[in-house]
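Engineer: Please put together the full structure from these sequences, using the hints given.
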Amino acid sequence: MVTIRATTAAAVADAVRDACDRGRTLEVVGTGTRRGYGRPVAADDVLNVGGMAGVVDYDPAELVLTARPGTPIADIAMLAAAHGQHIAFEPPDLAPLWGGAAGSGTLGGTLALGLGGPRRPFAGAPRDHFLGFAAVNGLGEQFSAGGKVIKNVTGYDLPKLMAGSLGTLAILTEVTIKMLPAPRATATLAWAGLDAAAAFVLMTQALGTSAAITGAAHIPARAGPATTRLRLAGIPVAVKAGIAALGSLLSVFGPAARIDDADAFWRDIGGVHAFADDADLVWRVSLPPSQAVAFVTALGPDDARWLFDWGGGLVWVMQRADDDIGRVRRALTATGGDGHATLVRARDAVRRAVPPFQPLAPTLAALTARVRARFDPSGTLNPGRIEP
Amino acid sequence: MLAHPCLVKMPCPNPVTLTDCAAIVRGLRGIVGDDVIDDPAELAAYASDGLTAYSQLPLAVVLPRTTADVAAVLRFCHDGQIKVVPRGSGTSLSGGALPLADGIVLGLGRFNRILEVDLDNRCAVVQPGVTNLAISAAVAADGFYYAPDPSSQIACSIGGNVAENAGGVHCLKYGMTTNNLLGVELVLMTGDVVRLGGRGLDGPGYDLLGIVCGSEGLLGIVTEVTVRLLPRPESQRALLLGFPTMTAAAGCVAAIIGDGIIPAAIEIMDRPAIAAAEAFVHAGYPLDVDALMIVEVDGPPAEVDYLIAEIDALALAAGASTVRASASDVERTLFWAGRKAAFPAVGRIASDYYCVDGTIPRRTLPAVLTAITAIAAAKGLTVANVFHAGDGNLHPLILYDGDQPGQLEAAEAVGAAILEECVRVGGVLTGEHGVGVEKRDLMIRQFTATDLAQQTRLKCAFDDRNLLNPGKVFPELCRCAEMGRVHVHRGATRFPELPRF
Ligand SMILES: Cc1cc2nc3c(=O)[nH]c(=O)nc-3n(C[C@H](O)[C@H](O)[C@H](O)COP(=O)(O)OP(=O)(O)OC[C@H]3O[C@@H](n4cnc5c(N)ncnc54)[C@H](O)[C@@H]3O)c2cc1C
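Those protein sequence lines, which keep their order, are chains X and E. In terms of our numbering, the first sequence is numbered consecutively and its last residue is 388. In terms of our numbering, the second sequence is numbered consecutively and its last residue is 501.
Treat the hints loosely; a few may be bogus.
Said to hold, decoys possible - Anything over 12 Å on all C-beta distances counts as not near chain E; from chain X, calculated:
id, residue
1, 96
2, 123
3, 148
4, 279
5, 352
What the hints assert, rightly or not - Cβ-Cβ distance ranges computed for the label pairs, FRET-style:
id, chain 1, residue 1, chain 2, residue 2, range
6, E, 143, X, 81, 50 to 56 Å
7, E, 110, X, 254, 47 to 53 Å
8, X, 366, E, 110, 28 to 34 Å
9, X, 8, E, 29, 56 to 62 Å
10, X, 221, E, 116, 32 to 38 Å
11, X, 59, E, 445, 19 to 25 Å
As the list claims (entries may be wrong) - Here are the simulated lysine-lysine pairs, DSSO-like style, with alpha carbons at most 30 Å apart:
id, chain 1, residue 1, chain 2, residue 2
12, E, 379, E, 340
13, E, 379, E, 9
14, E, 340, E, 173
15, X, 178, E, 340
16, E, 173, X, 178
17, X, 240, X, 178
18, E, 379, X, 240
The set of hints was computed from the structure by calculation and includes no laboratory data. Cβ coordinates follow ideal geometry from the N, Cα and C atoms, glycine included.
Structural biologist: See the structure below:
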């Protein structure tokens with residue numbers, strides 16, 4: 001196994017063509033902090049593209065930023081903050097889940113995983129902010145798609161397909177994302193001591209109002225009491241109006257504490273930092289919010305830990321490493337089957353044996369395989385990352 | 001308007017299909033009974049979509065009622081190598097639903113039921129033939145709505161919206177169709193049925209929902225749609241702003257967004273459009289300005305009032321000569337009346353008009369509008385501009401007279417030149433109306449041959465016989481079979497003369 005470093009699109013294309021010609025496969029890595037996500041890749045060589053970094057263009061008034069994929073999210077966040085803007089899907093700081101340093105993600109890695117943070121239900125996922133890209137496909141061809149403007153329907157919306165494809169279709173060499181104004185004010189309301197069912201009702205009632213909510217999470221009682229939280233964001237009068245409206249609407253759930261600086265709380269929710277320093281299994285379950293309570297009930301009362309984000313639409317589950325690993329997907333099936341569970345953290349051997357991504361229906365799996373073959377016909381890029 | 005079928009070159013009709021027409025219709029009747037139209041007089045109703053300059057009678061029109069029927073019809077067409085053009089309400093402005101002489105039109109008009117409103121999950125499951133507005137109407141009493149609002153919303157179908165990734169005046173704040181879409185049921189050309197997404201967010205596997213949305217009917221037939229519902233904003237107010245120059249208006253848009261405000265909508269009209277709209281609806285628009293802007297904000301009343309005051313100040317600083325804030329919903333509706341009637345208003349001052357749709361970086365707005373005027377003038381035509389200023393989505397309306405020989409061609413040439421200008425300044429060919437047949441041959445201006453080859457290869461994964469809406473979007477069909485050769489790459493030799501170990 002050799003490691004090839006490519007710092008330009010042309011070099012990436014050369015490396016891929018060369019690998020194709022020699023019948024070798026490539027594991028594509030940036031900083032490598034998210035290698036623990038998906039199936040372990042079994043490739044002949046490593047193609048390191050982490051050196052392709054740097055912001056290419058940022059025009060705040062256009063709401064558009066173009067950068068090379070290796071650019072640290074932290075750098076972009078800092079640059080954007082200087083112009084009162086942010087990345088609206090709230091990139092989750094997931095590296096600590098796999099033992100990486102906090103705050104170490106890159107833009108390319110974030111798009112390749114395609115996961116949004118607590119703002120996802122309100123502001124969209126990476127896919128919704130991914131406007132265009134240049135990339136190298138599995139044939140070693142440089143191509144681009146999408147555009148550098150915020151409204152565009154020209155051709156297939158390939159940035160969406162690229163988001164979350166984990167480098168199995170093409171290697172991104174330049175990306176353009178949408179930037180948005182950061183809210184001028186934020187506040188978090190917290191209720192204590194609710195059970196899952198009450199927390200769901202609270203969140204659902206709140207999300208049925210037009211209050212400017214950008215976060216809705218619930219952590220059940222464990223060492224401390226249960227906490228259910230709503231984040232409001234916007235201009236100060238909107239936040240104030242939202243707090244007043246929610247306070248009276250939700251008074252049956254008891255008094256709400258107002259927390260003005262809850263950034264750390266939401267960062268920890270997005271990156272499930274509560275589950276970070278551990279060796280146990282971590283699942284990410286996306287489902288219709290109304291099924292969340294039944295799902296955690298079906299999981300059983302024993303030692304599986306869980307929390308709700310997205311008003312119940314996202315349930316994070318931590319399970320002891322020696323526990324029955326089929327339990328989470330069985331509980332999901334028992335609850336209605338409209339959701340899907342991703343095994344986000346487990347030892348390599350486990351992620352080889354148990355599909356980390358929810359298995360697809362046969363026709364969809366076949367279509368997915370055909371799509372992949374149209375980008376990377378020889379299976380050169382990240383073989384096995386998604387499917388064996 | 002003049003029907004002009006020969007302007008655009010479509011794939012060569014398959015002579016076998018044309019000869020077999022009667023047998024094909026019999027076969028289709030065997031599947032869906034009487035829901036097949038082949039009488040030329042009735043077919044005429046399907047000859048065009050919203051791009052009425054083009055028309056073509058299809059072989060037949062099939063109007064199935066169930067997913068199983070759609071699947072059976074597609075399987076039949078797949079086996080018989082018969083082309084299929086999907087159609088919703090036929091309001092496409094890019095010719096996406098233009099029939100083919102040797103193809104059937106598959107109309108989704110009978111899929112017109114709202115299947116479920118699920119307020120706990122803030123979504124609705126509907127059939128594709130339901131109109132955009134009907135969804136909002138169905139949930140209005142519960143205080144919810146479906147956000148994307150194309151101007152055609154009383155007529156266009158949600159299936160057509162998904163296929164075109166339709167936008168609307170409020171997509172600056174609320175996104176396009178794709179940002180409000182949770183799932184679809186899709187029938188592939190082989191008759192296989194797949195479900196993409198659902199009531200939860202971010203389905204498993206590749207984001208195929210993301211590419212089906214906006215695929216202009218080339219990848220599959222959408223037979224069920226799950227959309228996100230939003231709580232209706234408590235209040236809305238609008239500002240009517242007049243500017244002495246387009247540059248000042250563009251500066252005001254940049255100032256608002258630079259200030260961290262994303263209004264629900266920012267629309268601009270230029271002088272010819274203002275004059276036409278005012279003459280038509282008497283909305284009280286100032287006639288002494290070069291640019292008229294409507295800015296709408298929504299949310300709780302306290303927020304709305306605050307933002308109106310802030311934008312008011314920004315507008316004055318940007319040189320606005322007219323600043324009026326709506327004091328009532330009646331007044332707000334009046335501000336919008338002229339903008340919403342801009343197309344028919346322009347239709348009154350010219351016998352024909354042709355609506356172009358491109359997006360540019362907003363910073364290039366004044367220069368591009370100047371260029372547009374010059375491009376049209378060079379062909380002896382004039383243009384009225386109404387556009388979604390917040391996201392740089394232009395809609396120049398080229399005025400022409402279809403009865404004058406050569407004017408339609410001139411209008412089309414002006415449209416093409418405008419779109420090339422959009423691409424030249426860093427923008428794109430279409431912001432919301434789609435490529436269709438209209439901009440198909442301009443795709444090479446925005447994309448390289450490699451870019452287009454990658455996109456057409458993707459189609460092969462869904463439709464390897466190129467039977468679904470061929471001739472739309474891409475200048476050339478992909479020869480799907482040739483992909484096979486690519487596999488030779490592996491183990492084949494790039495430098496055969498070199499030794500290998
Ligand atoms: C006056 C007017 C104003 C408009 N304003 C706007 C606007 O503000 N914003 C905007 O975005 N658009 C606008 N449009 C364009 C048009 O209304 C939209 O593109 C709309 O989404 C088309 O919907 P439809 O049901 O009429 O689709 P059709 O015109 O029937 O079809 C459009 C495309 O979708 C495909 N298709 C339709 N249904 C399906 C299905 N179920 N499965 C697969 N493919 C399908 C067709 O093959 C075709 O390619 C306007 C049009 C008019 C006439």
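Engineer: Is residue 173 of chain E within 30 Å of residue 178 of chain X, Cα to Cα?
Structural biologist: Cα-Cα ~13 Å, so holds.
Engineer: The output says residue 123 of chain X does not contact chain E. Does that hold with a beta carbon cutoff of 12 Å?
Structural biologist: violated (9 Å)
Engineer: Given the hint that residue 178 of chain X pairs with residue 340 of chain E, test it: the Cα-Cα distance must not exceed 30 Å.
Structural biologist: This hinted pair holds, its Cα atoms lying about 28 Å apart.
Engineer: Look at the Cβ atoms of residue 59 of chain X and residue 445 of chain E and judge whether their distance stays inside 19 to 25 Å.
Structural biologist: Since the Cβ atoms of residue 59 of chain X and residue 445 of chain E sit about 23 Å apart, the hinted range of 19 to 25 Å holds.
Engineer: Need the status of pair residue 240 of chain X, residue 178 of chain X: alpha-carbon distance at most 30 Å?
Structural biologist: The given pair, whose Cα atoms are some 28 Å apart, holds under the 30 Å limit.
Engineer: Take a look at whether the Cβ-Cβ distance between residue 8 of chain X and residue 29 of chain E falls inside 56 to 62 Å.
Structural biologist: The hinted range 56 to 62 Å holds for residue 8 of chain X and residue 29 of chain E, with Cβ atoms some 60 Å apart.
Engineer: For a C-alpha distance cap of 30 Å, please report whether residue 379 of chain E and residue 9 of chain E respect it.
Structural biologist: At roughly 23 Å apart (the allowed maximum being 30 Å), residue 9 of chain E and residue 379 of chain E satisfy the hint.
Engineer: State, for the Cβ atoms of residue 366 of chain X and residue 110 of chain E, whether the hinted interval 28 to 34 Å holds or is violated.
Structural biologist: The hinted range 28 to 34 Å holds for residue 366 of chain X and residue 110 of chain E, with Cβ atoms some 29 Å apart.
Engineer: Does the claim that residue 279 of chain X lies off the interface hold, with its Cβ farther than 12 Å from every Cβ of chain E?
Structural biologist: Nearest chain E Cβ is 25 Å from residue 279 of chain X, so the label holds.
Engineer: May I ask you to test the hint 47 to 53 Å on the CB atoms belonging to residue 110 of chain E and residue 254 of chain X?
Structural biologist: holds (51 Å)
Engineer: Should the label of residue 96 of chain X as a non-interface residue stand, given a Cβ cut-off of 12 Å to chain E?
Structural biologist: Non-interface label stands for residue 96 of chain X: nearest chain E Cβ at 21 Å, farther than 12 Å.
Engineer: If we take the beta carbon of residue 352 of chain X, is the closest beta carbon in chain E still more than 12 Å away?
Structural biologist: Residue 352 of chain X is indeed farther than 12 Å from all Cβ atoms of chain E, at 19 Å.
Of the numbered hints given earlier, the model fails hints 2, 3, 6, 18; all others are met.
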